[in-house]
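Protein chains in written order, with the numbering used here: chain A, 64 to 306; chain B, 385 to 603; chain C, 2 to 269.
Since the hints were made in silico from the structure, they are not lab data.
Careful, some of the hints might be misleading.
Simulated crosslink set (EDC-like; lysine to aspartate or glutamate; CA at most 16 Å straight-line) [unchecked claim]:
{"id": "1", "chain 1": "B", "residue 1": "K501", "chain 2": "A", "residue 2": "E98"}
{"id": "2", "chain 1": "C", "residue 1": "K164", "chain 2": "C", "residue 2": "D199"}
{"id": "3", "chain 1": "A", "residue 1": "K133", "chain 2": "A", "residue 2": "E177"}
{"id": "4", "chain 1": "C", "residue 1": "K235", "chain 2": "A", "residue 2": "E177"}
{"id": "5", "chain 1": "A", "residue 1": "K164", "chain 2": "C", "residue 2": "E234"}
{"id": "6", "chain 1": "B", "residue 1": "K524", "chain 2": "A", "residue 2": "E177"}
{"id": "7", "chain 1": "B", "residue 1": "K501", "chain 2": "A", "residue 2": "E177"}
{"id": "8", "chain 1": "B", "residue 1": "K462", "chain 2": "B", "residue 2": "D500"}
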Amino acid sequence: MEAKNLALISPEGLRIDGRKPDEIRDIKMTVGVLENADGSAYVEQGNTKVYAAVYGPREVHPRHLASPDKAVIRCRYHMTPFSVEERKSPAPSRREIELSKVIREALTPAILLEQFPFTVIDVFVEIINADGSTRCASIIAASLALASAGIPMRDLVAACSVGKVNGVLVLDVTDTEDKHGEVDMPLAMMPNRNEVTLLQLDGVLSVEELEKAIAMVSKACRDIYERQKNALKAKYLEARKVN
Amino acid sequence: MVPGELLAEGDYGVGSYTYRENGRIYSITIGIVEYKKGVIRVVPLQGPYIPKVGDVVIGIVTDFLPTAYVLDINSHYKAVLQASEFVPPRKSVLTEDLAKYLDIGETMVCKVAKFDKYSDALLTCRDKDLGRLIDGRLIKINPAKIPRLIGRKGSMVNLIKKETGCKIIVGQNGYIWIKGKEPKLEDLAEKAIRKVEQEAHTSGLTQQIQSMLQVEKGG
Amino acid sequence: MMSKVRRKQIMEALSSNKRTDDRGLEDVRNIEIRCGIVPNADGSAEVRLGKTLTIAGVKMNIGVPFPDTPDMGVLIVNAEFLPIASPTFEPGPPDENAIELARVIDRGLRRSEMVDLKQLCIIPGKAVWEIWVDIHALNHDGNLMDASAMASVAALLTATLPKAAVNDKGEVTLDKSARQKLPIKGVPATITVAKVGDKLLIDPCLDEEEIADAFLTMTFIGDKTCSIQKRGEKALSIEETLRCVNIARKKVEELVNAVKEATGYGKN
């Protein structure tokens, strides 16, 4: 907070990495990267790099965690110790426990859980390198991993963050913008259904700004959603054109 | 198609791997869309094995219950095989040592006799060509690729059988048993099956497999 | 597991915009706030919201500032959902629900800048006041979030700390006879809106929570939002999300006034 006066927006209206306020970083999405998992994906969003793997549906251990009318979802968001500037202890922090919960809840609405009673679907997310918006990149990757595991879903889940730096609303917040900016607001949605599955605000916004931020970030989610669809098709469907 | 993708609007029947909302039909999985007799369905390209009554599956004995065997059938549901199918009628299944009849690790060809998503699948070996496998090799492929491996009216698997001379049993659950005259032929059959799994979505695959098998046999 | 009859009763009441306890959709249960009930704490408050009961205690000590904020005091929120409060709570370290609650309340307090942490710096980079807010649930009948946030705010508003000074040797000395209130910049309010069926309602009781699709917890400072957390296993449409914000916004004044009245804040 010390460096609030840090110039995060140039006189030309550009951000420190040269992006326009409503521009997201380059995103690379690859599906099916971990052989042992039933579904997996790797997402690189600028310098934020994330692996997601899905195991299941499978038997629940311990057994009493099973639910008789639907599959149970477990989610573990975890940062590698070397993913941040100062080594992070590998033991789960309170932040990681909270993020595991909100990511699980961001994915759950999309999954047709009632098809697999008594089972568990495990979602594992590893942050390899963190440069802001890690929970959004995690949701993008986990959603791809779920789809590639053949888990029935109503829609894919896309996610993006919106921030406020030097009074300007900006999309896809980097670590520096998060630390020195005024606001960070990640949002996840099922774009086809126009439904929000994750929303967290950390910072002060007027209700009018909030509405503007939601409109801005939901547009970005639609863009990311198209890329997710393309990544899945590249893996499973485009290959049909060979020969 | 990918999950959430719009398939159609209007008065269509909702087939497997789709759902309808506000008059629109969407896919729920990665797959290929099929329109047949006014019904839209998606044929999945990926996904877990879901047991279906009548499916031939291959399972591995993993545990004993008081009167039954528990089998792994490569599914999120366990499968159960009644011990009474193996213990002679004059003996009691309750007092017999079940391991005498089928031991842990035994590989069984079975049929799904009963299944609903709320309980374990019930298997049976009481039919022709079902029972214990004692030799050959067991491989596992993605269950979603099994229909392609079998091919139209069994064309693909029959081709592999014919060209390699191997006996092949395809479990709907993704487990496949191969038994050939010599390991080299089993290798070849396995290679062909892996190729089908890898390239299930390409067209003209039967032809490719045929020429591959013939070239490799010749060499 | 809730019985189908109870679920039906709740849904039927909601369909005519009523609750089973006769409340309207946007009515808060009866609020009782008691401050200063823990003499050994530097600040404390117990909040009863209907049958939900929760207590927040504030303890302060001299600590070291975070490296990135060397001239600011430290505020830490922790929550425990102990077995005393509900048959479903188990002993052990805080679970994800308790951790989420603590972190949501922490963000609300921090981002509202309720406590002026700059004034809690004693020696920049070396010694600052550390404020610990510990929340303990005592009886869980829904909406522990709003009740606990209110208890935390009330405990902070009534907390006092000894006067700190630095002597010639550069050591921090405390004058325990001269206690003063915390430097307060404003009073935030935390409001949770629950979606049950197609209705949006505030201050859900436990049964309503159990059948709710989703929740939106918002902290306001004045007419601005400073923290939001969507919770729950189902989605909210964008339109519903914005409706939640507007429902909550209308309640801010009522909740802030309840806390001000109980704590006497702003009277002297």
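Hint by hint, here is what the structure shows:
1. Distance restraint check for K501(B) and E98(A): the Cα-Cα separation of roughly 27 Å exceeds the 16 Å cut-off, and the hinted pair is therefore not satisfied.
2. Annotation: proposed proximity of K164(C) to D199(C) is violated, straight-line Cα distance about 53 Å (limit 16 Å).
3. Between K133(A) and E177(A) the alpha-carbon distance is near 4 Å, which keeps this suggested pair within the 16 Å criterion.
4. For the suggested pair K235(C) and E177(A), the alpha carbons sit about 14 Å apart, so the restraint of at most 16 Å is met.
5. Distance hint between K164(A) and E234(C) is fulfilled; the C-alpha atoms sit about 10 Å from each other, no more than 16 Å.
6. Proposed proximity of K524(B) and E177(A) is contradicted: the alpha carbons are some 27 Å apart, above 16 Å.
7. With a C-alpha separation of about 9 Å, the suggested pair K501(B) and E177(A) falls inside the 16 Å cut-off, and the hint holds.
8. Between the alpha carbons of K462(B) and D500(B) the distance comes to roughly 12 Å, so the proposed pair stays at or under 16 Å and holds.
In this structure, the earlier hints numbered 1, 2, 6 are contradicted, and the remaining ones agree with it.
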